[in-house]
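Modelling step: build the complete structure from the supplied sequences, incorporating the hints.
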Amino acid sequence: MNHRSWSLLLALFLTGSVSALASGWYGTHATAAVSDPFVALRVARIASSGPITGFDLTTLDGGTVHSKELVGKVVLLNFWATWCGPCKEEMPSLARIQSQFDSTQFQVVTVTTDMHPQGIKQFLDHLGIRLPVLFDENEDVSRSFMVRGLPTTVLITQDGRAVGRAVGPRAWDSEESVALIQHVLDGMK
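If you're matching positions, the sequence shown starts at 1 in our numbering and goes up one per residue.
It is worth saying that the hints were derived from the structure and are not from the lab. You may find that some hints are simply not true.
[What the hints assert, rightly or not] Quick list of the computed label-pair ranges, beta carbon to beta carbon:
no. : residue 1 : residue 2 : range
1   : L131      : T53       : 21 to 31 Å
2   : A47       : G119      : 19 to 29 Å
3   : D140      : E175      : 33 to 43 Å
4   : T82       : G187      : 31 to 41 Å
5   : D125      : T58       : 27 to 37 Å
6   : N138      : E69       : 13 to 23 Å
7   : Q182      : P117      : 26 to 36 Å
C-beta atoms are modelled at their ideal positions from N, C-alpha and C, and glycine is treated no differently.
Okay, structure coming up:
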């Protein structure tokens with residue numbers, strides 16, 4: 001490409017950029033991305049037509065949690081394992097986000113296929129974390145949520161529909177997370 005072609009290409013680019021700035025295109029689209037709490041936290045939206053598949057899982061203390069018990073709350077369902085470094089790193093932020101909301105409206109629930117209750121208890125006690133831990137022994141729940149990597153977190157509405165999915169660790173106690181949870185609690189208006 002000769003000098004004249006480069007000059008023409010640069011002029012066209014600059015003209016387009018100035019026009020986009022003058023029309024407010026950049027500002028409008030940047031604001032839209034930032035104002036969308038799913039985008040701000042890099043949580044993929046899930047188009048869901050109905051409620052999640054029901055489940056009954058054993059808890060760390062030997063009880064049972066039925067998914068229908070969670071209906072009426074926004075649920076952050078976190079799949080993790082003690083051998084997963086990023087999972088262990090994000091666990092304290094999950095406990096902190098739980099403490100920021102009323103537990104009658106919002107619940108963090110963790111699910112693991114790691115079948116070492118004593119090791120899990122020691123890990124949680126060491127960090128002072130009190131979150132429900134459910135055991136997915138047959139991995140049925142993990143499969144139903146298409147968990148392929150850990151950590152994976154699924155956001156579920158009060159009526160039991162999965163609306164968001166995050167693969168990889170997040171700072172769940174960040175401003176963006178609080179805004180996302182509040183957005184779902186408010187009916188995503």
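Structure-based check of all given hints:
1. L131 x T53: 21 to 31 Å: Roughly 22 Å apart at Cβ, these two residues keep to the hinted range, so it holds.
2. A47 x G119: 19 to 29 Å: Since the Cβ atoms of A47 and G119 sit about 37 Å apart, the hinted range of 19 to 29 Å is violated.
3. D140 x E175: 33 to 43 Å: At 35 Å between Cβs, range holds.
4. T82 x G187: 31 to 41 Å: Once the Cβ atoms are compared, 36 Å apart, the range 31 to 41 Å for G187 and T82 holds.
5. D125 x T58: 27 to 37 Å: violated (19 Å)
6. N138 x E69: 13 to 23 Å: For N138 and E69 the Cβ distance comes to about 20 Å; the hint holds.
7. Q182 x P117: 26 to 36 Å: holds (34 Å)
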